[in-house]
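> Chains as they are written, first to last, in the numbering used here: chain A, 1 to 129; chain B, 1 to 664; chain C, 1 to 332; chain D, 1 to 144.
No lab work stands behind these hints, which were simulated from the structure alone. The beta carbon of each residue, even a glycine, is placed where N, CA and C say it ideally should be. Mixed in with the good hints there might be a few duds.
To be verified - Subject to a maximum C-alpha distance of 20 Å in a straight line, what follows is the list of computed PhoX-like cross-link-like pairs (lysine-lysine):
no. : chain 1 : residue 1 : chain 2 : residue 2
1   : B       : K664      : D       : K7
2   : B       : K608      : C       : K229
3   : B       : K239      : B       : K282
4   : D       : K7        : B       : K106
5   : B       : K608      : C       : K30
6   : B       : K402      : A       : K21
7   : C       : K69       : B       : K608
8   : B       : K474      : B       : K484
9   : B       : K257      : B       : K233
10  : A       : K65       : B       : K484
11  : B       : K233      : B       : K172
12  : C       : K76       : B       : K618
13  : B       : K29       : B       : K664
14  : B       : K298      : B       : K252
15  : C       : K167      : B       : K618
16  : B       : K232      : B       : K503
To be verified - Counterexamples of contact, computed for chain D against chain C with all Cβ distances above 12 Å:
no. : residue
17  : Y6
18  : N29
19  : N49
20  : H75
21  : L90
22  : S110
23  : K116
24  : A119
25  : N122
26  : E126
27  : G132
28  : E133
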Amino acid sequence: MNNKEYLQEEIIRRSGVNPSKCMRCGKCSATCPAYDEMEYHPHQFVNMVESGDIEPLLNSESLYKCLSCFACIDRCPRNVEPAKLVEAVRLTAIRQQGANRMTANDVPQMIEEDVPPQLLVSAFRKYTK
Amino acid sequence: MQRVGVFVCWCGSNIAGTVDVEAVSEALKSEPGVVFSTNYQYMCSQAGQDMIKEAVKEHNLTGIVVCSCSPRMHEATFRKTAAAAGLNPYMVEIANIREQCSWVHKDMLTGTEKAIILGKAAIAKVNLNTPLTPGESPVTKRALVIGGGIAGIQTALDIADAGFPVDIVEKKPTIGGKMAQLDKTFPTLDCAACILTPKMVDVAQNEKIRIFSYSEVSEIKGFVGNFDVTIKKNARFVKEDVCTGCGACVDKCPMKKIPNEFNLGMDNRKAIYIPFAQAVPKVATIDPNACNMLKNGKCGLCAKVCTAGAIDYTQKDEYIEEKYGAIVVATGFNPISMDKFDEFAYNQSKDVITSLEFERLTNAAGPTAGKLLRPSDGKHPHTIVFVQCVGSRCDACAEKGKEYCSKICCMYTAKHAMLTRDKYPDTEVYVFYIDVRTPGKNFDEFYRRAVEEYGVKYIKGMVGKVTPEGDVLKVQASDLIANKQLHIDADLVVLAAAIEPDKSARPLATMLTASMDTNDFFTEAHPKLRPVESPTAGVFLSGACQGPKDIPETVSQAGAAASKVIGLLAKDKLTGNPCVAHSNELMCNGCSSCERVCPYGAITYSDKEFRMPDRTTKIRRVASVNPAVCQGCGACTVACPSGAMDLNGFANSQIMAEVDAICK
Amino acid sequence: MQKITREQLIEKAVALLADGTVSCVLGWSKGEFDYDVTPAIFNNEEELKANFVFNDFCGVNFSKYLVAKTQKCEGKILVFLKPCDTYSFNQLLTEHRFDREKVYAVGIPCEGMADVAKVKTICGDGIASINFDGENLAVTTLYEDAPVMISTNDVLAERCVNCKSKKHVAYDELIGDEGEVIESNRFDEVEKLEAMTPDERFAFWQNELSRCIRCNACRDACPACTCEKCVFDNPNSGVENKSPANSFEEKMFHIIRAFHVAGRCTDCGECSRVCPQNIPLHLLNRKFIKDMNEFYGEYQAGAEVGSRAPLVDYTTEDLEPGEVFNRGDMNA
Amino acid sequence: MQVNEYKPLIVAFCCNWCSYAGADLAGNNRLNYPAEVKIIRVPCSCRVNPMFILRAFQRGADGVIICGCHPGDCHYTSGNYYTRRRMAALFSMLDYLGIEKERTRVEWVSAAEGAKFAATMNDFVEKVVALGENKRLEDLRCKK
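Looking at chain A on its own, in the form it has when it is part of the complex (with noise of 0.2 Å):
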């Protein structure tokens, strides 16, 4: 098995996700907040990953752009999940990496009076994996 294969297979185990079941439909990246952010959308996630397109996905800021509101996790009608899968692809790049992003000593630096607590506690989650 080469590096692309292996790279496929350990995110759609890590992630628990079957992109083979995206039917195409975008409501994934029609219902996304963080659309705009993102150089590569949702529904793409799921392609790339069918298609073991993953490096450039391990190098795209997107990893971090997508806010993990799970609202196209919510509306995805063929229950697809793109967002673990964005999960699975950012663990994968942390992992590579060989660190953690941030720390549970980092957060109360990060604690300001117009940062809504929601977005430490998905900052936390995202980036302690």
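Assemble the complex: chain A is given as a structure, and chains B, C and D must be docked to it using the hints.
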């Protein structure tokens, strides 16, 4: 003791290539009961069959074993041969030495050995065979059609046309169904009412057809050719035979604020009402939940103005019992509820509507007299967004929506979009689609016309969110081809809601012992070869109760169901499959185990008097099987602890004998 | 030691006979020995006073007798039902085996019945008489001068040690207080067997079943075995066999019997009670009950009239026959 | 083929509508499976009485397999659902009595699954051969 003849077929070299047919016929000669054994090149050929017939005469055979191909191939052939020779056709057993022997084993020794054992098993079985005669039952030459939509109407008309009486049971006050609510029909754009209402009149005027409107089926007993059905005629508090449908009562009724079901609640009706102008029967109906007179005895205006004296506040539900030979299910469909789709704001904004509601909004007889106006403020919408596949093609685990494609939405959405652009060229029309599915005569041409000639904007993608803000609907959607997220300020959003079988179908299926799939669509007897028959004999399927369908398909299925019904009713007698279960009353405990596992409701119980050895009598509950209903699965035979229940053609003793022959 | 007395029951029976509610009484009658109580029909007060008994050996489940007796008896029959008997009573009603209108059922409490085999292991054979002395049985044998005192609790039948319910699920009238359904350990022994290796299990059952003499006592006592004609007596069934001709016959008989009563067996324990060879037949029935509870959800045959037994029912999601073993491996 | 090779005796009950047709299809496609498999045709898998299975074992069968339509596809709508429950209970009981569980099996084979039929039979025979002769449930008196 049986006198058995054994006929081993070579099937050219198909069998003889791997099985020593000579050795097989020789070995089987010494089996119990065998008086004659031979082999021949092609047993199924005319010469082979003649050989069997001659042997039957010459050796006084009472049973025949043919060692040949699968019984699924030629059992029927050899049964006919036996019958032609004067034997009961069920005295024939086949040993499958081709598909299950010569073709799967390469070695001559192995093949021959196995063929002999298979032959022995067939001989052991035929020794216990008994002549079977298929039962006969009469046919009541009247059909029942449940549901008075276009499917039911067409079926009833076709059956009546063949000269058989038909009854239609419709739960609404009028027949017509969903088609009566539609505006235009794709792909020809003729008006639904113009083509439907003449048919409704035909039904009303056809003397072979009776309409039970505002009625439902409450009980079904019996079986193919002989159904006993109880129809509940709900009290409509108006004498149907007296009412002239003049509408004076409706004008005078003071209860004005009742949501009008026919217009999907987009306007109001009175407590006494006629659903629409062309209703059949054109008779008023009083809504007992809204009428003051029925609720607290105050009012009575309608009775005062009715010159015909048709109003009867004391009317009671009526039960009618009737016999039928065939039942056609035509219960149709409904759009699914939009409650679980919060993202489209259906429950938050009046301007988010379903396609059926849009149909009423554009219908000349609808709440806006055909003018396309927003339900919220009555203004003309300038931007309309159509969303397809709302609740269709959902994953089963998603728990909202349906797994299947609702089939009709692509076409009616194209129709809505096209008609809107045609009548109001100043409107922008967007259609969000996942796939556009247009298999059908002139369907794709129609859709292309919407795009190319009428300038409907088809966007590959889905709407993710609709947010009402002031008097606009903020639509957030994706355009997958442009790889963009779109934000559209719409005035009206139209949802192509998935369709589902009518809620009345499930209890009806239970009454009919007809099977359904997990979506509550009726199952056909065979998905390809018997698409309009239910597996339950005598029950036929018409229209969307079997699966999503458009009008042309529904009408053709309705005609097909009618022809099946006519074929059944044209018979004076039905001959059944003789391989059915039967109960030995002397051994039956009357415990009901068999009845519980019978998928056809073929088993009934009665109290019978038995004479005991001590000359006293004893009354016992015993089972009996209706051979016309039983299909011969044998589930009851295993459920029966005493072994009183047995199956013709596959009796306990016969199967046991086969086991013994194989394990000898 | 039972909480109600023979006299209480006779009084009730006499009253019901006198006011015409019932025309006869199905009750326990003195047998040859004090411990072999037999079922009998009593028609009047004299017969009751002479022969009716009620003591720690009145284990007989009368439900089955109603099938035949309701056909024979004019008028209603009075029947005394212990809690476990009422389950069989309901099950037979579910199967329409007798006419409920012809029965007047009096529920009686039960403190557990004694097993004479257990008594014999303490005092030996040759029991001459048994006196019921408070909590104890005073057993006089032919070989000892003084009676042996045995606590009833020490000789309770297996089915009573693992009593599943003190609650009556059917009756017209109740004597004494109503009890509760009990959380019993009745499946412990089945679990023990399940935990064995197949070889150990085979050895266990070979040992047990090879003692079978095909006396048919289990079948005759079983309230679920009320077939008009048993398949094993029917020459056309292909399995007719009345004696244990070989090592397989009794296996066939007991497996088929257990299968035929599966879903209908209320676990009343009559089969094991009457087995002269002391074969633990209830372990076969309980295996089916335990399996069906685990596979298809808890089901107690006879808990209510008209319920649908697991084997005449299904769901589309049932487990596959191959999967039952995977479970077994997990248990082991 | 070795002459002294142990040949088991396998009885296969096949429902008329799916599995028997599946076995025919295996034949049509010339898919080999051991000749030790002897098929008995029944209208539906729910026709198979546990007595037939025990009888086969009693008379020396080494394995019994029941094939029916896939759940949901029964020609009689519900027959195989009853089969599934009955056989689950029966097989569990046989296992409880110490009978080797590999000797009994239920398999769903559709009319289109000729390959599955052959593969199932090959696999089943292999498993039974590994167990050897059926001693535990065999009637010595009836054995040749």
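> Does each hint fit the structure? Answer for all of them.
Consistency of the hints with the structure:
1. B:K664 / D:K7: Holds, at roughly 14 Å.
2. B:K608 / C:K229: Since the Cα atoms of K608 of chain B and K229 of chain C sit roughly 17 Å apart, the hinted pair holds (cutoff 20 Å).
3. B:K239 / B:K282: 12 Å, holds
4. D:K7 / B:K106: Cα-Cα ~16 Å, so holds.
5. B:K608 / C:K30: Roughly 37 Å between the alpha carbons, so the hint for K608 of chain B and K30 of chain C is violated.
6. B:K402 / A:K21: Distance of about 15 Å is within 20 Å: holds.
7. C:K69 / B:K608: OK: K69 of chain C and K608 of chain B at ~18 Å, within 20 Å.
8. B:K474 / B:K484: 16 Å, holds
9. B:K257 / B:K233: Between K257 of chain B and K233 of chain B the Cα gap is close to 26 Å, so the pair fails against 20 Å, i.e. violated.
10. A:K65 / B:K484: Status holds; Cα separation ~16 Å.
11. B:K233 / B:K172: Holds: K233 of chain B and K172 of chain B sit about 11 Å apart, inside 20 Å.
12. C:K76 / B:K618: 16 Å, holds
13. B:K29 / B:K664: 17 Å, holds
14. B:K298 / B:K252: Holds, at roughly 14 Å.
15. C:K167 / B:K618: 33 Å, violated
16. B:K232 / B:K503: 17 Å, holds
17. Y6: Answer for Y6 of chain D: holds, closest chain C Cβ roughly 21 Å.
18. N29: 26 Å, holds
19. N49: 9 Å, violated
20. H75: 16 Å, holds
21. L90: 6 Å, violated
22. S110: 16 Å, holds
23. K116: It holds; K116 of chain D is separated from chain C by about 15 Å at its closest Cβ, greater than 12 Å.
24. A119: Given a closest Cβ separation of 15 Å, the condition holds.
25. N122: Consistent with the label, N122 of chain D stays out of reach of chain C, its closest Cβ about 17 Å off (over 12 Å).
26. E126: 16 Å, holds
27. G132: 14 Å, holds
28. E133: 14 Å, holds
Hint compliance for this structure: hints 5, 9, 15, 19 and 21 are not met, and every other hint is.
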